[in-house]
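Enquirer: Read off the chains here:
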Amino acid sequence: MKDARLKATAALGALLALLTPAPALAHIGVALGLQSGILHPITGLDHVAAMVAVGLWGAQLGNPAIWVLPIAFPLVMALGGLLGMSGVVLALPEEAVALSGIVLGVLVALHARPQLWIAAVIVSVFAVFHGYAHGRELPYAADPLAFGVGFVVATGLLHLCGILIGLLVRMPLGERVIRACGAAVGCVGAYFLLAALGAIG
Amino acid sequence: MRAIVRRLAATFALVGAPANAHAHLVNTRLGDFYGGMLHPLTGFQDPLPWLALAILAALQGPRRARWLLVAFPVGLLVGGGLSLIAPGVSFIPLLDVALIALIGMAVAAAVVMPLPAVIGLGVVIGLAHGYQNGQAMTESTDHLLFISGVTAIGYASITMATACATAFLQGSGSWRLLALRASGSWVAAVGIMAFGLQFVAPATH
Amino acid sequence: MIGFLQGLGGGRRRFMLFAMAALSAAFLVPARPTSAHEASMAVMVLREVGPGRYLGQWSMPPIDERLRPIFPEHCAWDPPELDCGERGFVGTLSFMGLGSKQSVAMFRVFPLEGPAQAYTVSAANPIVTAARDPGRDIGAWLNLADTYVNLGIDHILRGIDHLLFVLGLIWLVRDRWMLVRTITAFTVAHSLSLAAATFGWVGVPERPLNATIALSIVFVGVEIVKLQRGQVGLAARYPWVVAFAFGLLHGLGFATALTTLGIPQTTLPFALLFFNIGVEIGQLAFVFVVLALIWAHHRVEATLPRWGAVLPAYAIGSIAAFWFLVRV
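Chains as they are written, first to last, in my numbering: chain A, 1 to 201; chain B, 1001 to 1205; chain C, 2001 to 2328.
Worth flagging that the hints you see were computed from the coordinates, not collected in a lab. Do not take every clue at face value.
[Stated by the list, open to error] Only some residues are given here: those of chain C computed to face chain B with a beta carbon under 7 Å:
1. Ala2296
2. Arg2299
3. Val2300
4. Glu2301
5. Ala2302
Backbone N, C-alpha and C fix where the C-beta goes; we use that ideal spot for every residue, glycine too.
Turn these sequences into a full structure, and let the hints steer you where they fit.
Expert: Okay, here's the thing in structure tokens:
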């Protein structure tokens, strides 16, 4: 498992190295920080899946969730980041992310429409743990601000992916596609939960 | 994961080392004016809040936004001058990151501001950034050219960004406002974390 | 030219992006005409006195005395003697201490046999390679292109008077197609006169030339003011004619920068070509940035009020008039 992730990181790193803005212009630290910031969220499949599910669910829920989620999510995530930086130890972070993947996936698959505040709480739990995982890395980045920007850009783009897929909701077949995506996210979450608990991998 | 990031960082630091040696020569290539122009673009601490400030101004409509085109460069110029007169004010970096979070949140909330507040914010951010960039000057730097360069790039960036954000908002669809507000929220997230970092002593790793 | 740009590789293209950003407000610079146009270059001449043995001395001494040449490792540098032994004068050359005072320095090498050679070291291009026969070496040609394209960009970006003239033209010509024609006319004209002056077909003393260039900018300023008062002058009616005429003048100005570098005759046509390409790149970037900024100002309704519309023209005119007086 770890090995696969390492390989993915290396491959993406090589890819991004080709795209990195001119090291001759930018200070090398900025390029490095940005790079690791971008890589960080997208190399963890559990984070990717849950993030896409947030976008999907937002689109599924429609107004007002579709605009509350993308605006509130980063702020809650930043609070999680602060926790991570300050050295507070949250119990079982990996399990929590995997679990939120399962919950979000299942909710999307069931096309559940709870009240907004309940949805907000569920997404917030994930946001806090997602931010926490990255906040722990932030102080050690080559350029923390660039790391923050990269991490936020990557997360935001994943969000956007989810919302764009979610726009399929307007089509009859699209509705089913989205629910299938939700189910897939749930499966990914389940896999990672089992892996985190040591049952597989 | 942390180990991987570190390994990656080490690898790229090695690969990037020769390029790093050139990095500072670029500053001198076209004289201190261009050195001043380039300086704010070497990291995110300037472009990020500038972008957010431009979006915030665009949200106020062109009639109020346009004052930023004057207020902000004037702030930069004066801030650069202050860095010569009174160097070493220690709270400026903290103020800078706090401002990133603040402007980001204002954009996320789509705050409507009166004109004096728009101008005031532009001047304050200009002062802080002009000061911070001015600190990068050395003995041999031509101060006037460098500060002019910082002011010029600040003026050009804020003008272009405000105009682009205004043009973007004037298109059809409510999602445009939403997209700008979301971007403000992301800026705020970066700002909050960077602000928090100021209080975290980098522990041994 | 676009193909050439791509051929230049990532670094150059990124530099172009920087240059475009950098240019954006160049007209705000508090002008320093005196420093703007002196070729701030140091030149070290190396004459071969025996096989592999050279005598070196500054023909144009550096502004900063700490500037030191760095020779290939197998060469022993004991000023003013340089002994490169049997391997001869090949390898990497550099200068230590290039900085804000001095951004460009050059080695001119006069071997016992064969033509003289020149190697230009700049802050952006801090290491050059000396080869025995640059005539057939691709790398040497790329080095030449790299050096002179950058010198061209460098020259136009520092040449605030040229940029001010171009700004005046943009201000004067509001019709898009006419602007394209005008800028093209200016480009063709200054390329022609640059070539003519570099090959030594025409020669104009520097001081009156610079004064006349300043005067050309005053002229454009006056034409803008006239136009805003409703009088359509010569420049407003036939801007490309004016651009062509004054372009010839500005080209002579570019040439003085190029000729002071002392380029060997063999590489002169190519050095000239690359230098000119660099100038055009810089000029185009400037034009695009100015147009973008004009668009931006209209977009946020930040245009000058009626009473202030003539201010920029007066500003351009008075700065140029000041230069004229200084240069005369």
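Enquirer: For each hint given before, does the structure comply? Return the numbers of the non-compliant ones in rising order.
Expert: The structure breaks none of the hints.
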